[in-house]
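Colleague: With the hints as a guide, dock the two chains, each given alone in a separate frame, to form the complex.
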Amino acid sequence: MTQTEMHKRLSGIAAAPGIAIGRAFIYHKEVPHIAKRRIASHQVESEVERFLQSLHQAGEEIRRTQRLVEMEQGADLAQIFAAQLSMLEDVEVKEQTLVLIRQKCYSAEHAFSVTLQRMKRIFERIENDYLRDRLTDVMDIENQVLIRLAGGDLQALHSLRANAVVVIHELLPSEAAQLGRRFIKGLVTDIGGATSHTSIIARSMRLPTVVGTENSSREIRSGDIVIVDGNEGVVHVRPGLEVLRQYRNQLRRQVRRERGLQARRELPATTVDGREITLMANIDLPVEIQAAVEHGARGVGIYRTEFLYMGYRLPSEEEQIKSYEHIIEALAPDPVVIRTIDLGGDKLSHVLDVTPEANPFLGWRGIRISLETPDLFKTQLRALLRAGIKGEVQLLLPMISSLDELRQARAIFEEAKAELRAEGRDFQEDCKIGVMVEVPSVGLMADQFAREIDFFSLGTNDLTQYALAVDRGNARVAGLYDTFHPAVLKLIKMVADTGRQHGIPVSICGEVAGDPLATLLLVGLGLESLSLSPGLIPEVKEIVRSISLVEADQIAAQCLEMATGVAVRSRLEEVMQERLSSLPFGSI
Amino acid sequence: MIQKTVVVKNRLGIHARPAAILVQGASRFKADVFLSKGEVQRINGKSIMGVMMLAAEQGAEIIIETEGEDATEAAEALGTLLGSDFEDQI
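Line order of the protein sequences matches chains A and B. Sequential numbering of the first sequence, starting at 124, is according to our numbering. Sequential numbering of the second sequence, starting at 77, is according to our numbering.
Because the hints were derived from the structure by calculation, they are not lab data. Hints are supplied without guarantee of correctness; some may be wrong.
[Said to hold, decoys possible] Derived CB-CB ranges, DEER-like: (1) B/M77 x A/Q226: 24 to 34 angstroms; (2) B/M77 x A/V237: 27 to 37 angstroms; (3) B/D161 x A/T687: 54 to 64 angstroms; (4) A/E495 x B/E143: 42 to 52 angstroms.
[To be verified] Within a straight-line C-alpha distance of at most 30 angstroms, the following computed BS3-like cross-link-like pairs (lysine-lysine) qualify: (5) B/K85 x B/K113; (6) B/K106 x A/K217; (7) B/K113 x A/K501.
None of these values were measured; they are calculated from a predicted model. A virtual CB, placed ideally from N, CA and C, is assigned to each residue, including glycine.
Bound-form chain B, shown alone (with noise of 0.2 angstroms):
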């Protein structure tokens, strides 16, 4: 299992279109994701209702844990789309 920290810089936080953006990015992986906030504990990172229910502020801090053949390069990934004002790339 991987595990990597990541804090949001999208400005406008996780709402629903980057939840979507992040959901199809992890949706690409064979390894299962799963990110964690606080006190939500490893919701499934493919799933856009849980994605959303983070509620991921900019400035928040998100846990990625992948596992599985892919694992390495997921966390990689899903950590630098996280990372990076993504909405505004797109």
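Okay, chain A solo, but in the shape it has when bound (with noise of 0.2 angstroms):
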């Protein structure tokens, strides 16, 4: 069979835009067909040394990828190497492994997960999210050794070469956070949408990648030549010289335009009226901190702090001091802005005393879980006011509703103020408190918040899901999200009215303002401020190099005029289309 006819065209949803052409890496999270062989009793020594050979080889794999994470994103994420290794080393797993080989004359993968079988049976039936949870752990560390057993590559991350493409059923965010820039070129998914976690993270780390594309991990063998095009969502395996050579010249024209882009860095993002929009980094991992600063951010407009607390414990004031003044020095003396913890109570399970909540969205988390747990909301603050002398830092505090819990958050702050006056360290004394305008509850009272705060963030991602009514991570009712419906206009507009009358900046952090449709848009609606993934940063700046107050505010005044989402984004994309095209970075 030619290479042509093997060519196989896969469809998904494109999740992070750009090219990439590599060898798939197939990352198997499920185990592997497992022959229930019999061995012959003379065999069976050797059948255990082969066991303990393998065991031992997973193990070295861990400790080095452990290390590896460690070193690239600290020892947070780490821990959940230590505590797989802990598991792989198990005696009782050994043990029951070796009593099926020598009594049963188990094969060494039959005996192995016949035992990691009884053990997840166990652990499914324990009544906590948290421990439950683990049972991925336990799947992964199987998983490793019945490769090596099977005589197969290595799947550990760390053995990922430049050039690969990673194919995965479904990836976890932990584990995109893995996944290294410089270790991949591009990621396909079976599972996952668009504004999963897991896409987010990709398009911050400028990872091409496509998501749902349903049976990539199957249909893709390991070694196979794959093109991964994360602007048009399609994977090409196994490609024909043609669109090999088609690709090849995408691909540089990809990397010309990329290195045009970080030449104009330096530029200042200015409207051709004069009018500076200052572009800001969202960062959800302290890895990204390169990339803002690469592509010219000026500040971080929102550092998603969650991260910090998806480890097996709560981070100490210290760890996250560790961690903010990274990004501090990075950036001074442009500002950090730092979003207090914004989880949902299941996200939290292995810390707090949860209960399941019939709508998590309007649940207990954000400000609502900091207010009522204020050690620890006090142990962030403080951190954050220590880690402020290394820069500047602002206090960004999500889910608010009420001024009440503006109020209440406020005296949390100044008593870890005081506290640290008392106990006579240094800190940021001029911290300024922001609010996210998330529910449509602060947009609509902006005016009594704008008397008490130093600036607003519009947080548009949850602030559309509010003001429709839609969870966007349900398919059914997806499709009704709209940022650009004209009530969520409407509501931006308010807000940034108020922050102009009051003098206070107002910011914008969802995604939509790292969309190059909505920059001339969200312009004219009034915003100075936005703040976006850092690959976007220069993309959007050739925009706002490109247009004009005037035509902006001609626009944005259009657009609330209209009855619909669909109407505001054809309107934008007929005025944007000829402007993109001559753009250095071509068509969106």
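Modeller: Next up, the structure:
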């Protein structure tokens, strides 16, 4: 069979733009099929040896990954591997497996997998979400050992070589974080949507990604040449020479374009009639700082600190200070806006007493948790105040719905300051406080809020969900989710106007801030600060540099009068079409 | 055989990290260590899988059984560990 005949085209959802060409690395989390094989009794000892050898090798592999992740991402994430290691080296697992090999003449694969099946069944019954979630770790080590027994390639993320395109059934955000940008070229998943956390992380790492391809992890074989087209949401497997040539050309243009944009990173983001728009970076993970600096971000508009709380325990004050300082120093003298913990209770069940909720989005989350767990909250406030001396930090409160919450939070903030003063510690006295506008009530009461805060930050992802009553993670209704909906635009306008009247800054940090189609509109609505995924800054800056305030105001006024989000979008497409294709990065 | 009953004091119960500490503690002794909680009987105290499967929350009652030459010391040490808020002390 020739290459051309084997060529396969898989379509999915474009999750992060760009082209990647590389060899496929299939990351199977599911356990390979295990034959229930028995061995002859004289083979028992060599089978035992084979098992112990694989166990040892898998252990070495996990240790290497642990060291690597610790270096690249910090100790918190590396703890996942420490825990895996202790499971791998568990005496019971080893003993039970050996008993099955010696007494029942099971093959090493069969014996090990039966042992872990038993463990998994017990884990599944545990009535504690956090412990039950450790099942994924058990599956991970099972996989590692079985693959070694099968004599297969190493599947640990560490063994990825440059040039690899990772193909995986489903990628969890924590796993996405482990895929250092320099190790891989692109990412393909079977399931997932464009707005999932994993896709957001992929975009911020500028990793060409196609998600939701349904069965890529089965269709593609390790070592296959794969083209990931993150612009169109298409994956080419074992492409023919002609397709390959086309994409190589496209890739060359992409590289040239990136270099061109890099060269322009020092240019100001100023409209043709002289209005400067501050472009800041959204940061989810400390690794993204470099991209923020490289792309000329003027500070961090939102540092989402949830990452710190996903580990096996709560981060201490000192650990948080270290994490914050790293970012603050990298961007000083530009400010870093740190949003305090914004998780739903379900994500914190390992450290808090949480009961399941019928409506988590309307439930115990964000500031609501912080105010009820003042120790946890105060630790974070102390850490950010202390880290602030390395530059400038600003405090951003999530999920605020009433002034009471703001006042309570401020009281705890003042307490934290008083404590630090009493302890004689250095901290940033003049730290500004802002609130996220996510709940429509804050937008509607922007006037009252403006008297008590230093800035607003529009979290348009949640604002859209709450204003339109749509859970965008729910495929059945996700189509109703539209940040261009005139109702959402009116809320944005309301807050922008109020901010200007009171002389306090208003920035926007939802995904729409990084959408080149929206830039003209957002500037027209009166926003002077956009916070977006670092990789998108150069493109949005090019647009800012090509528009005028007069035109932006006009278009925004038209859009506010429109009846539907679709109408707004098509008007913007019409206005931007010509312009976008004439910009250095080509059409969107 | 030495037997001892303790109540878990650690605020978050025995999740992954405390389990690892407990297993390390148990592995220092030559004696066999078994832990039981309610219906979960005699799991190996030197196995992290076993200890995690206990899913012991704060306030849970754990029976420690030890067998072997340093059984007394082992029971003593693990009883003290389990009965303390040990995660905060490390």
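Colleague: Of the hints stated earlier, which fail here?
Modeller: Of the numbered hints given earlier, the structure breaks just one, which is hint 7.
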